[in-house]
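Asks: The hints should help you fit chains A and C onto chain H, whose structure is shown.
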Amino acid sequence: MSASDVGGMPQITYNFAYLDEQTKRMIRRAILKAIAVPGYQVPFAAREMPMPYGWGTGGVQVTAAVLGRDDVLKVIDQGADDTTNAVAIRGFFEKTARVATTTSTTEATVIQTRHRIPETKLREDQILVYQVPIPEPLRFLEPRETETRQLHALAEYGLMHVKLYEDIARHGHIATTYAYPVEVAGRYVMDPSPIPKFDNPKMDDSPALQLFGAGREKRIYAIPPHTKVRSLDFEDHPFKVQRFAKPCALCGATGAYLDEVILDDKGGRMFVCSDTDFCNTRQEEGHRGEMGA
Amino acid sequence: MYVAAKGGEKAIRNAHALLAKRRRGNENLPSIGLDQIAAQLTLAVDRVMAEGSLYDIELASLAVKQARGDLIEAIFLIRAFRTTLPRFGNAQPLDTSRMLVRRRVSATFKDLPGGQLLGPTFDYTHRLLDTALGGGENGDISGDSPVASGGDIGDIPAAPVAMPRVTDLLGQEGLIEASPADDGAEPFDITRAPVAYPVDRATRLQTLARGDEGYLLALGYSTQRGYARSHPFVGEIRFGDVEVIFEVPELGFEVSLGTVQVTECQMVNQFKGSAEVPPQFTRGYGLVFGQCERKAMSMALVERALRWKELGEEQSAPAQDEEFVLSHCDNVQATGFVEHLKLPHYVDFQAELDLVRRMRAEHEAEMKEAAE
Amino acid sequence: MSAQVLARGFDDPVGESQAAFRAAMWALARPGRVEALATDLTPPAPLSPEAAALVLALCDYETPLWLDAALAAVPEVVDFLRFHTGAAILEEPGEARFAILSDPLEMPDFSAFPQGLPEFPDASATLIVQVAGFSDARFILEGPGIKGQTSFGAAPLPADFAARMAANRALFPRGVDLLLAGPGGVAGLPRSVTVRES
Chain H
1 MSASDVGGMP QITYNFAYLD EQTKRMIRRA ILKAIAVPGY QVPFAAREMP MPYGWGTGGV
61 QVTAAVLGRD DVLKVIDQGA DDTTNAVAIR GFFEKTARVA TTTSTTEATV IQTRHRIPET
121 KLREDQILVY QVPIPEPLRF LEPRETETRQ LHALAEYGLM HVKLYEDIAR HGHIATTYAY
181 PVEVAGRYVM DPSPIPKFDN PKMDDSPALQ LFGAGREKRI YAIPPHTKVR SLDFEDHPFK
241 VQRFAKPCAL CGATGAYLDE VILDDKGGRM FVCSDTDFCN TRQEEGHRGE MGA
Chain A
294 MYVAAKGGEK AIRNAHALLA KRRRGNENLP SIGLDQIAAQ LTLAVDRVMA EGSLYDIELA
354 SLAVKQARGD LIEAIFLIRA FRTTLPRFGN AQPLDTSRML VRRRVSATFK DLPGGQLLGP
414 TFDYTHRLLD TALGGGENGD ISGDSPVASG GDIGDIPAAP VAMPRVTDLL GQEGLIEASP
474 ADDGAEPFDI TRAPVAYPVD RATRLQTLAR GDEGYLLALG YSTQRGYARS HPFVGEIRFG
534 DVEVIFEVPE LGFEVSLGTV QVTECQMVNQ FKGSAEVPPQ FTRGYGLVFG QCERKAMSMA
594 LVERALRWKE LGEEQSAPAQ DEEFVLSHCD NVQATGFVEH LKLPHYVDFQ AELDLVRRMR
654 AEHEAEMKEA AE
Chain C
666 MSAQVLARGF DDPVGESQAA FRAAMWALAR PGRVEALATD LTPPAPLSPE AAALVLALCD
726 YETPLWLDAA LAAVPEVVDF LRFHTGAAIL EEPGEARFAI LSDPLEMPDF SAFPQGLPEF
786 PDASATLIVQ VAGFSDARFI LEGPGIKGQT SFGAAPLPAD FAARMAANRA LFPRGVDLLL
846 AGPGGVAGLP RSVTVRES
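Residue numbers (our numbering), protein chains in the order written: chain H, 1 to 293; chain A, 294 to 665; chain C, 666 to 863.
Same shape as in the complex, but just chain H (with noise of 0.2 Å):
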């Protein structure tokens, strides 16, 4: 940042990517132990960013971090591109670090994203920014800071399957939908962020680099490429994902997480891909669903 006095009010101008290099270099640091002990929520100090907390903040923070001049970046949230914060982080970028945009996973270098992963399979050299509200796996069972790094030291997860066969026990399912935690290459239990657990087996040896970034709860954590990524489960109850009884309305995919629209109030709805990239794609190849144009 560089201010100037022009007429009263200081003319402020940003550095690329809008982080100065010294909290870029704090963030990249954080980044590179995260990748070295995959799984573990690395403590970062993470700046106040021009857009309010739980709105993506530490997820800004790891792709202003990582973003070169030649990157080619995509923002989704809920998997679409157009939704309104996907909308606004994207044009934050083109504003302050002027790269190219994409709304195609493909041609997308970096993307950062909120509650989803892609449904296009990601490829090597592409880095998956994840946006996180709660790090903590062990938040809704144990409040305090001071416990769970206690827990995760000890790898003491006991408390997890406990809350996991309650629900078994009470609803004679696991109740958990989205946020399921994982456990990251045999040691840390991980909060994937709020995706749902339909999109967990994703992350297992996916050939992409996986960036987590928490920005009020001041976390950053890593999945490397290649590294087996497991949600936790019990023998007698191995975990599902979540099937959708229709196929997509529009491109008609099967095996894609699908958005439930409202067309009326009395009862008519449809289901609809939420990955917009993805059903867009499929569409243009000639796929089509009941209610494709």
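Please keep in mind that the hints were generated in silico from the structure rather than gathered at the bench. Bear in mind the structure is a predicted one, so any value in this text is a computation, not a measurement. The hints are all genuine.
Cut-off 20 Å, straight-line C-alpha distance, at most; resulting in silico cross-link-like pairs (PhoX-like, lysine-lysine):
| id | chain 1 | residue 1 | chain 2 | residue 2 |
| --- | --- | --- | --- | --- |
| 1 | H | Lys228 | H | Lys121 |
| 2 | C | Lys812 | H | Lys202 |
| 3 | A | Lys303 | A | Lys314 |
| 4 | H | Lys202 | H | Lys228 |
| 5 | H | Lys240 | H | Lys228 |
| 6 | H | Lys202 | H | Lys121 |
| 7 | H | Lys95 | A | Lys303 |
| 8 | H | Lys228 | C | Lys812 |
| 9 | H | Lys202 | H | Lys240 |
| 10 | C | Lys812 | H | Lys121 |
Calculated Cβ distances over 12 Å to all of chain H for the following chain A residues:
| id | residue |
| --- | --- |
| 11 | Gln385 |
| 12 | Ser390 |
| 13 | Thr418 |
| 14 | Arg420 |
| 15 | Gly464 |
| 16 | Gln517 |
Where a beta carbon is used, it is the ideal one built from N, C-alpha and C, also for glycine.
Replies: Only chains A and C this time, still in chain H's reference frame:
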């Protein structure tokens, strides 16, 4: 055929244009000047500087204007700007004993060196709406004010008068714990490093100093109502101008960077003593940019409550819970996370919908089975 | 030292820092794979341009830096690093966040460096090891970032290097992380990697 809703970009542009229009309000009225905000809404500006952790009256006034008077939004604007500023170094600790005092009250001594100085305060005003202020031409001066009749109102002294701090006076008799000595160590900086609990007192004070006034007010109040009661007395509240001194390492001497206004509150609290320490008073400390007495006092109460461990007291109340108090006192963090709930959560909600429908179906089947 | 003789830092701090960081990032994310790292830096010997680029990209006043004896003995190296990073240069490695080892055959035992704490395994050193070149074949690597296994080699490295890495791996999640800087590239050996002689 169904066409998905699109146009997030246009919607955002329009929303922001509308916001700008609403901010401006009736265009037949002159736009409010930053100088007017700085001069007439001083306490709003002070709060923005205090919780924004940046002493800049002009930028804080701009933030108040830009935020349409929403002070947490204004604080947010200031914080986001502050974080981009380069650092040249650290000033010397402020010496509040050398303050140009504009207001100073002690609840513990009737008279004391330097005297009591009411200064600009709402205290003892009758909270009666002053319709004279709402008037057009003469709307500048309250009907009650002696200024209206040209009297002397004892405005700012020309130079600091010796006004020793009440806690220093008590300290001479050893009746109050000593102020911790400056060990020369670099204090932890909550804006430059992640906090790990438990934290030291300096870190606590930093966090409280930028904490939300309303939150600290409520917590401080709770200590008075018995949730970790600490028998507090206002040893002293002082508000005024303090010089900021910067030592330039290259030059090897000190320069004055100017003055800032601060409010300092020293709360004096009862302490029964322990095996090592005889009975004496203890302190709770509050320091805030600008004139923010409510905040400084609340901060001092909460700060004292958080010291239970070091003073060998029992922990029994929310205001004593360090991790809880400190990790929720930042209103920029709090407002962001609370308000993020209005962001789309379709994906997660869909997953929950599916689960609830499935469980209802199973429940129904079980009921049917039981009935048969 | 005068400013005139001080070797230059990055011409484009934003772009060059980012490029060096990205090389280091991918190096640690894909252990054993050599990531291209091009730099125009001409630091004073025996500091290599690649090691210099990594240090300038990653270090500053927040990261105490330790130099091995060969580097610490050259005042121009110390001045160069101090000027361009602002990092405190340490006499002893025990508090280092980063260390540069220009003479890998003389590398101290990893236990000389911070290896992190059980609660804060990130509070450990990153060692930038200057190597003359990369080859494959000497070691087999496995672990996060590697599909199956991969072969890796760099020289010079101490004869007991695999044993040292095994001891480091045994501390996981504590341990040090290595960035091996060679001509035109950098390879990473994070604490998560398993290293065996091939």
